[in-house]
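2 protein chains.
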Amino acid sequence: MAIIAVPGGSRNEILELVQQTTSMQFKVFDTEPNIAEAGVWEYVGCQNEADMVRQAVHCVASGEADLLLKGGIQTHTLLKEVLKAEHGLRSETILSHVALIHIPALGRPILLSDSAMNITPNEEQLVMITNHAIEAGRKIGIIKPKVAILSAAENYNEKMPSSVLAKNITEKFRTHTTATVYGPLSLDLALSKEAVAHKRFEGSIKGDADILIVPSIDVGNVLYKSLLLFSGATMGGIICGAKVPIVLTSRSDNVQSKQQALDFALQQIEWNEDDE
Amino acid sequence: MAIIAVPGGSRNEILELVQQTTSMQFKVFDTEPNIAEAGVWEYVGCQNEADMVRQAVHCVASGEADLLLKGGIQTHTLLKEVLKAEHGLRSETILSHVALIHIPALGRPILLSDSAMNITPNEEQLVMITNHAIEAGRKIGIIKPKVAILSAAENYNEKMPSSVLAKNITEKFRTHTTATVYGPLSLDLALSKEAVAHKRFEGSIKGDADILIVPSIDVGNVLYKSLLLFSGATMGGIICGAKVPIVLTSRSDNVQSKQQALDFALQQIEWNEDDE
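Protein chains in written order, with this note's numbering: chain A, 122 to 397; chain B, 122 to 397.
This is chain A alone, in the form it adopts within the complex (with noise of 0.2 Å):
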């Protein structure tokens, strides 16, 4: 059974996801008094913070916990232990944030990067934002997906930033054999078959799009909220990027995304140990 290693978990929202999630362990790390009756999670008091984060960010280093879940801690307090050299967590690539949404009126699972991390990413750093979201993809059985490099229009503008870079992202993915990456491309067009036909459209991408690549945090931020407010969505989000995935729920979100988050999480490990 995989095992999740959460600083600043002895937290109410955190014990309540717990409770009801028996396919996982969990190892809480926290300056706070353990909250939870005995057998609910496995408690490690800590010192203070700086301790807390270490001891959680080395539980799963060391290759005792299999990801790390996000307690009551800042993101970027846990982010910063997690690329500490002496981990040995960091890769190559830059962290980015890949969130897996079902959207009940789509009828299947998209994903969408980065809504929450990168904020103004460059062209470099789009794609390898746009690898790791193919990646993560890969890991829950999305296999070939049509990743849409989101614009506000369809047509190439020089004048608009977003057109500019999907157009070179499009180029630099033209030869890749395991993905179909194709931008600028508008949202309407990438995710209703109807849109598509009502414009004639003809693109790679045809309103099936699996994956979409957002060209700022501002796009990505408005586009799930909008749809977890009023499309009766639910969101996942990891971060990828380090050798293990991390997952970050916020306080305001309701169980069943942050479970959806852990299970999503939970794909990307399982996946590894099958492909070793």
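Source of the hints: derived by calculation from the structure; they are not laboratory data. Worth double-checking, as some hints may not be accurate.
Unchecked claim - Below, simulated SDA-like cross-link-like pairs (lysine to any residue); rule was C-alpha separation at most 25 Å, straight line: (1) A:Lys267 <-> B:Ser373; (2) B:Lys327 <-> A:Ala157; (3) B:Lys320 <-> A:Gln377; (4) B:Lys280 <-> A:Ala157; (5) B:Lys201 <-> A:Pro282; (6) B:Lys267 <-> A:Ser373; (7) A:Lys280 <-> B:Lys201; (8) A:Lys320 <-> B:Lys314; (9) A:Lys327 <-> B:Ser373; (10) B:Lys280 <-> A:Thr214; (11) A:Lys314 <-> B:Arg372; (12) A:Lys314 <-> B:Asn375; (13) A:Lys314 <-> B:Arg132; (14) B:Lys280 <-> A:Thr241; (15) B:Lys320 <-> A:Gly193; (16) B:Lys314 <-> A:Leu369; (17) B:Lys320 <-> A:Ala157; (18) B:Lys280 <-> A:Thr152; (19) A:Lys288 <-> B:Pro282; (20) A:Lys280 <-> B:Arg211; (21) A:Lys288 <-> B:Ser373; (22) A:Lys314 <-> B:Pro282; (23) A:Lys327 <-> B:Gly193; (24) B:Lys320 <-> A:Asn375; (25) B:Lys320 <-> A:Arg259; (26) B:Lys320 <-> A:Thr152.
Everything numeric in this text was worked out from a predicted model, so none of it was measured.
Could you slot chain B onto chain A? The hints should help.
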């Protein structure tokens, strides 16, 4: 009864709209033959596109028609004509797009700007965009609106350009008496009282925003498209900043959205008349 001038109007999608709109009269300018039966609209045959656009804009500039509805022509062709000094329709400000959106789950209309015209507005342009939206809201009865300047997060972050922009805009409107302008604000805190309660957010907007101002066209575009695709929302957009409103609908908009845009534009005019 209001008269609508429609350059490039002798097309099926305009005919469908006109046939379902009994409260307005239409004057169609086109190089295409008249496709309507007698009495549906007034038809003016034109020599070429330049002639068609010039005649339609002149018709509005001279006061014969009340507003412009774009038919089967390029948006930039129409706007270029509108901005010619000879017509006297140009004002001191930029043109900007204001969308009126009805989201069933929200239960009140909201305005969104600019999701269709200004690509990456600077601070000065975003002030004008905000003023246009406040003005357009007032004309449909939204008095003392709450205006959310959107960003990916509600915490000021100097590394996030949209956050800096939002803070500066908020500062500029601090003494404004006819609207509450506040940012940086994320979409959930702008529109969801539940999210505000969860995050214990204390700002001058608490899930009750009437107007959303986005930092770039990419953000606005993905937001309204996700609302239209997955939340059952309807949207009607107009161009503000010229002396008459201009209605731009796209071929893929449904008739309901087009009528919503026409009604929205008409309310801008009627208010002007009442005010004189």
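Right, here's what the structure says about each hint:
1. A:Lys267 <-> B:Ser373: holds (23 Å)
2. B:Lys327 <-> A:Ala157: violated (34 Å)
3. B:Lys320 <-> A:Gln377: Holds. Lys320 of chain B to Gln377 of chain A sits at ~18 Å (cutoff 25 Å).
4. B:Lys280 <-> A:Ala157: Not satisfied, since the Cα-Cα distance of roughly 39 Å exceeds 25 Å.
5. B:Lys201 <-> A:Pro282: Given pair Lys201 of chain B, Pro282 of chain A holds - Cα atoms ~23 Å apart, limit 25 Å.
6. B:Lys267 <-> A:Ser373: Given that 25 Å is the threshold and the Cα spacing comes to 23 Å, the pair holds.
7. A:Lys280 <-> B:Lys201: Within the cut-off at roughly 17 Å; holds.
8. A:Lys320 <-> B:Lys314: Distance ~37 Å between Lys320 of chain A and Lys314 of chain B Cα, so the pair is violated.
9. A:Lys327 <-> B:Ser373: holds (15 Å)
10. B:Lys280 <-> A:Thr214: Measuring from Cα to Cα gives roughly 21 Å; hence the hint holds.
11. A:Lys314 <-> B:Arg372: holds (15 Å)
12. A:Lys314 <-> B:Asn375: Measuring from Cα to Cα gives roughly 15 Å; hence the hint holds.
13. A:Lys314 <-> B:Arg132: holds (23 Å)
14. B:Lys280 <-> A:Thr241: holds (9 Å)
15. B:Lys320 <-> A:Gly193: holds (13 Å)
16. B:Lys314 <-> A:Leu369: Cα-Cα ~23 Å, so holds.
17. B:Lys320 <-> A:Ala157: Cα-Cα ~24 Å, so holds.
18. B:Lys280 <-> A:Thr152: violated (31 Å)
19. A:Lys288 <-> B:Pro282: Holds. Lys288 of chain A to Pro282 of chain B sits at ~23 Å (cutoff 25 Å).
20. A:Lys280 <-> B:Arg211: Roughly 23 Å separates the two Cα atoms, so the pair holds.
21. A:Lys288 <-> B:Ser373: holds (24 Å)
22. A:Lys314 <-> B:Pro282: Distance ~34 Å between Lys314 of chain A and Pro282 of chain B Cα, so the pair is violated.
23. A:Lys327 <-> B:Gly193: holds (24 Å)
24. B:Lys320 <-> A:Asn375: Judged against 25 Å, a Cα distance of about 13 Å means the pair holds.
25. B:Lys320 <-> A:Arg259: violated (34 Å)
26. B:Lys320 <-> A:Thr152: holds (22 Å)
Checked against the numbered hints above, the structure violates hints 2, 4, 8, 18, 22, 25; every other hint is satisfied.
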